[in-house]
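Q: We have chain A; now place chain B onto it with these hints.
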Amino acid sequence: MSVPTAPAPSPGSVRSGASAAVLRSEARLFRREPAVLFWIIAFPSLLLTILGLVPSFREADEALGGRRGIDLYVPVAVVLSVLVAGAQTMPGVLTGYRERGILRRLSTTPASPKSLLAAQIVLHGAAILLSVLLALTIGRLAFGVALPEQPAGYVLAIVLTVLAGLALGAAVSALSRTTKIAQTVGTIAFFPMMFTAGVYAPVQVMPELLRDIVGLTPFGAASQALGQAAAGDWPSWSHLGVTGLWAVLLVGAAVRWFRWE
Amino acid sequence: MAVIEVRGLRKAYGGRAVVDGVDFAVEEGEIFGILGPNGAGKTTTVECVEGLRVPDSGTVRVAGLDPVADHDRVTRLLGAQLQESELQAKLTVQDALELYSAFYRQPTDWRRLALRLGLTDSLGTRFGRLSGGQKQRLFIALALVGDPRVVVLDELTTGLDPRSRRDTWQLIEEVRDSGVTVLLVTHFMEEAHRLCDRIAVIDKGRVVALDTPAGVIGRAASSTVISFTPSSPLDERELAELPGVASVVTSVVASGQEGADRRLVVNGTDETVTAVLSLLARHRITAGRLRVVDATLDEAFLDLTAQEA
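Chains as they are written, first to last, in the numbering used here: chain A, 11 to 271; chain B, 1324 to 1632.
Bound-form chain A, shown alone (with noise of 0.2 Å):
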């Protein structure tokens, strides 16, 4: 009996099909966590309607250069995205896959465990796009913000500040030997991360020392790099370059350190 067979696919697709595999069930598991979904997606953007329901921020400010207070306050819900995935979500999943014997026991399937941390880090990044898209549609059609004036500035800075919080992410799970200790220095970082990215008093506003310091971190820098591009400049060399330089900063300890198990 001669059956006509397929030629055996290559070593090559059968990975890159477990891959597409691996990440299409991590995206029906990332769909199965409301919590998660919540905090990257609707909660900057809930913030951001919060703060334009107060009359004052709808109000143009001398002090602000005549901007508004909401005006300042998009990019900050932007950033907040990226840090609310990067400090507070991936470092726990990431080091509960390792933990709980997950990497392991793909690593004895022809599957890589690397599909499963590279699916988290590709659903985390496409999660905060969404809450990108979310916060300047809500800014711009309930409070009248402009869109970025500066787009091709503006979509530099938001790449580099979502590859520096996904970074930020892997390099906490790298370091943290389990879950809880993962969550914890997420936690703690996400605190000092949230006042330097400027979402209890816009960076605009810092006094000049402060204003300074802050432009030395990931997301002080990108703060500021946002809002430059969203108000129709280029966004200075020097705040792209601090925030790109800890992405590569935090991409290298996460390699230096990730175990397997």
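Think of the hints as simulated: they come from the structure by calculation, not from any bench. Please note that the accuracy of each hint is not assured.
One-sided excerpt, in silico: chain B residues whose CB lies under 10 Å from chain A [as the list claims (entries may be wrong)]:
no., residue
1, 1347
2, 1373
3, 1374
4, 1375
5, 1380
6, 1398
7, 1399
8, 1405
9, 1419
10, 1423
11, 1428
12, 1431
13, 1432
14, 1435
It should be emphasised that the depicted structure is a prediction, and the values quoted were computed from it without experimental measurement. Ideal Cβ placement from N, Cα and C applies to all residues, glycine included.
A: Same frame as chain A, but now just chain B:
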């Protein structure tokens, strides 16, 4: 043909040798058991076979491939059930089976596996809500879903109730009958005796016995247990000096009419049986309720693993 070959395997953690020169070969189509006390190096040994650990020295081959250097190819023909691992808490049984099927070129039908392992009713249940036994059965299914040539099962039936344990044993026999080679780590003697064609007893990182279950029992110092109630007192020391005797124990058993009854239990070999009988004849002692039985794998195991202690 040996499908798994382990030669001179050594692995140390922090200067302590966990596996210290292990050799064995598993033939195609057999169920090969690894037995040993906790911490004997069983799991480390099979983790080297699975390619999860890199040996300090020695060679490991699965179907002629190095599980570390040829990891990718080995994963395609070896299915593993690990002693301690979990899945994502919100992954359902069906999600997991579909996901793992997608990793292999020619997976087996996961629905049939689920049916065979009694998982059909829990296909929609999330991993975090499964009972210990259901998790265990799911992991067995995941080890088999890629239609492997070799399957490595570490503590196969831990956490299963007696009925599922027996069902699982039957499944493993069916798997073996379909031509799959099974490497089984266990500490249940009954499981090893029932399932394994051959077993390696590992103690302190070394193989102390490698044979069929019956052969391992025969190899132990006390493969025969002789018990009787002497009609008059007998010196225990005299018994202990007989050839092949491993131990002599006196147990006091209450018997109905005559009050306490001293019962002697002698562990030894076939040779011991004849020696005990002639000793009794010399002393004109009759042996009441004389029983001569083969030691179980349990006793052989205790004997083999106690020798070096």
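Q: Go through the numbered hints given earlier and state which of them the structure violates, listing their numbers in rising order.
A: 1, 5, 12, 13, 14
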